[in-house]
Amino acid sequence: MKKETFTFAALGAALLAVAGCASTPSSSDLDREAAAVMKASFRDQGIAKTDRLNQDLGQAACSSDKPPSDAVAQQVMDQARAAVKWPAGGQYIGDWREGEKLAQNGRGMTWTDASAAAKDNGGSCYNCHQIGKAEISYGTIGPSLYNYGKNRGVTDVAAPTAQPIVEYTWMKIWNGKTYNACSNMPRFGHMGLLDEKQIANVMALLLDPKSPVNQ
Amino acid sequence: MTKQRFTLAAAAVLALAATNAAWAQKSAADGIAEYRKMLEDGNPAELFEAKGAELWVTKRGPKNVSLAQCDLGKGPGVVKGAFVELPRYFADTKKVQDLESRLVSCMEMLQGFNAAEIAKTPFGRGEMANVTAMATWIAAESRGMRFNLPQGHAEENHSYEIGKRAFFYRGGPMDFSCASCHSVDGQRIRLQDLPNLTKNPGDGIGFAAWPAYRVSNGQMWSMQLRLNDCFRQQRFPYPGFGSEATVALGTYMGVNAKGAESIAPAIKR
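Here the protein sequences line up with chains B and H, keeping their order.
In this text, residue positions in the first sequence follow my numbering: the first is 1, and each later residue adds one.
In this text, residue positions in the second sequence follow my numbering: the first is 1, and each later residue adds one.
Chain B on its own, in the form it takes in the complex (with noise of 0.2 Å):
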């Protein structure tokens, strides 16, 4: 008698769920609806054709207000960490000079640009960090570089004790999604946004005890 009461309610909840679903699309529904509504909004432009619009698992999982669940968060970490392409000849450091010019132009990828190659491209840096301390225009969203080498305790780029550091900072350039699967840092290397040696030159910024934001 218990169980068969048990049974009634279980039903009767089954059907006012169906009755909701019926009235008010559910959050997945919406989801799918979202997604079509995207595609038919946009159109080709010049380079930023409309393929942009196409998701991979790391856009896709960080496209809601919610963060994605530890495993799928860890599922895209490992894809891109399993990615990551490490400079030939282990050319890490480049010219700091070269990496500055690269953090202070956010040139690239729009519409109105006629190419999408790297050389054509900057870095965007100083839009979402202070690097060096003479740049007062620089963009909070990401976490301050200022003084970044140093402050990690790098004297020489080539000792063996900075090879961690050196490592680590080429893996967050290449991919940010290696260390947090919803970083709001684009990929440089992993989109081909920027090349290798492009990303030594800023590797050279904020690692090179010669730069001016180790100073």
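For the record, the hints were derived by calculation from the structure and aren't laboratory data.
Treat the hints loosely; a few may be bogus.
[To be verified] So the derived label-pair ranges between C-beta atoms look like this:
1) H/Ala50 with B/Leu57: 50 to 58 Å
2) B/Glu98 with H/Asp193: 28 to 36 Å
3) B/Glu167 with H/Gly42: 40 to 48 Å
4) B/Asn105 with H/Thr93: 25 to 33 Å
5) H/Arg190 with B/Pro67: 22 to 30 Å
6) B/Gln75 with H/Met145: 45 to 53 Å
No residue lacks a Cβ here, since even glycine has one placed at the ideal position from N, Cα and C.
Given chain B, work out where chain H should sit, using these hints.
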């Protein structure tokens, strides 16, 4: 001696400024605020308002009639207060529409213009420039009023839900969504303050400031153009004028801004 002491004091202040980045930043932001205040003494948006007001009552289009009977949501011809309740659902088009897409519908239904042609026209040109001018005037007629979008119709609530998902939709080569820049309080891109659009960001901020006159390029920017340029910088493809995603984003931002005072048309750097 006095002079020397002054110099030392000034140097100390400068040193303080240099060691306290937040102070220096605030000071720069204050400078910009002052600059904006100065600009408000004469907002060229007034010229667009005047043009829009005249267009509204002028007999135009293939049918040679005015827009005096256009229903912006509060009944035919009612302009005051319409802006702070848009986007909303319209039974005649069976769609949720924002101010600009509604204007284009009125131009088609009443005056006989081709809505699809207008939607394809670049900002600042031809009939699109007229739509922007009328939107500027209509917004100005609600200046000082508070946003209060209706959410009673199922389609209005639906538009909000789609808009919320569009707001958080990541894509493109830089993985950006609207939320990348507009979901946290007090953040900046360079020195530009970023409103948090997931809630009421305050009177005259965000949704409550557009249309706005852009001093940097000397153009009148409607909300559709504001969204268009956001998507350009988001590295997205090109949003259609009045497309469902853009209108739904308007619903999302407008509902979130409930209670915010409209200062539109504003003036921006």
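To see whether the hints hold, each was checked on the structure:
no., hint, result
1, H/Ala50 with B/Leu57: 50 to 58 Å, "holds (53 Å)"
2, B/Glu98 with H/Asp193: 28 to 36 Å, "holds (31 Å)"
3, B/Glu167 with H/Gly42: 40 to 48 Å, "violated (56 Å)"
4, B/Asn105 with H/Thr93: 25 to 33 Å, "violated (45 Å)"
5, H/Arg190 with B/Pro67: 22 to 30 Å, "holds (27 Å)"
6, B/Gln75 with H/Met145: 45 to 53 Å, "holds (48 Å)"
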